[in-house]
Amino acid sequence: MARAQKMYRRLPGNAAALASYHRLWLGPDHLLAVRSVGFSEEYKRFYFSDIQALIVQKTDRREILNVICALAAILFGLLTLAISNPVWHGFWIILTALAVFLLLVNWLRGPTCVCHVRTAVQTEPLPSLRRARTAGRVTALLKPLIEQAQGALRPDWLQPRPPSAPAANATMLSTPPVIDDGQPPSTLRSP
Amino acid sequence: MYVVTCTRCGFVLDESRFNQPDWRDCPSCQALLRVEVFPALFKEAAPAQSGHVLVTEGEASCFYHPHKKATRPCDACGRFLCALCDVEFNDLHLCPSCLDSGRKKGHLSNLDNRRTLYDSLALTLALTPLTVILWPFTLITAPAALFISIRHWKTPSSVVPRSKARFVLAILFALIQIGGWGIGFWSLIRS
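As you go down the protein sequences, you meet chains A and B in turn. Those letters in the first sequence? Residues 2 to 192, per our numbering, in order. Those letters in the second sequence? Residues 260 to 450, per our numbering, in order.
Simulated from the structure, these hints should not be mistaken for lab results. Since no wrong hints were added, every one of them can be taken at face value.
Capping the alpha-carbon separation at 27 Å, the derived lysine-lysine pairs in DSSO-like fashion look like this: (1) B:LYS423 x B:LYS413; (2) A:LYS45 x B:LYS413; (3) A:LYS45 x B:LYS364; (4) A:LYS59 x A:LYS45; (5) A:LYS59 x A:LYS144; (6) A:LYS45 x B:LYS363; (7) A:LYS45 x B:LYS423; (8) A:LYS144 x A:LYS45; (9) B:LYS423 x B:LYS363; (10) B:LYS363 x B:LYS413; (11) B:LYS364 x B:LYS413; (12) B:LYS364 x B:LYS423.
Sequences and hints are given; from them, build the entire structure.
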């Protein structure tokens, strides 16, 4: 356990589903995605030297949850006003307060997202990164580590393709970038 | 080719959307995305080595391919390996047999992709039957929890930091339950 403590550091974010729980850990040279199911854990390792891209996509889950909580709060509030029995009155007040609290928490936690990590062989989701702020923090944490493992990105690799290049959904590049890593230039490969 | 697609609709994204500080929309589905790309996206994988054919009689040959030239010994068993058999892992050069046996025996924790959490199982067995309806089952679950805790005390647990607290609690609760049954049976016999 002491060795595990030195090796891994817990990253922000977690996700709990009905039968599983997701968490991200930072290792010395890789990212560890842990999925706990029942009495077992499953691991996926993404080595920094293999990570090609981190993709964060905003979702509407926060807005949907806001609407649900707001409707629940209104419904429970109306029931609170309609019922005079003190016991049920207190019950509905508690539920109304809970709905308002959840609405507030959901709104304050910020936009929701889904995050994917892309390697040469897969594009894998990271379920524990469900909030854009958390995903941003984790990405900011990982970026220098990945750059340390792979080297810095050259600005010319991100230059837009010339107008004469094939359309956006074509599968071949017209001029492959030159990778200056001490080896002879090579053509790009398809994923 | 370095193709990065939208994770919602699969549309190929152009370079102007990579490594931007703000959200950029997908031209197809308007999903808001933040894409961080790294040099690995643009690099071609090194070609796989198949090993050089043995040309000189005095040269060492691979243990698994006698017609191929040995390039280095296995760091675990010392057998000579050709370039094809040489598996670089965790800064070690291993033969496929040692890699496989290391994985099976748990010596190579980086290859573990699944582990059973016996401490959670023991604690669940110790705690779950502690209800009004299920308490008779503690006659079976308490000894089972105790057995699992003792039997798997030294079994490798999660690869991420995890204390023995669950085992300790499981043993404690199991002993209390077993003691309760003992007192109950003794009282029954006496009366």
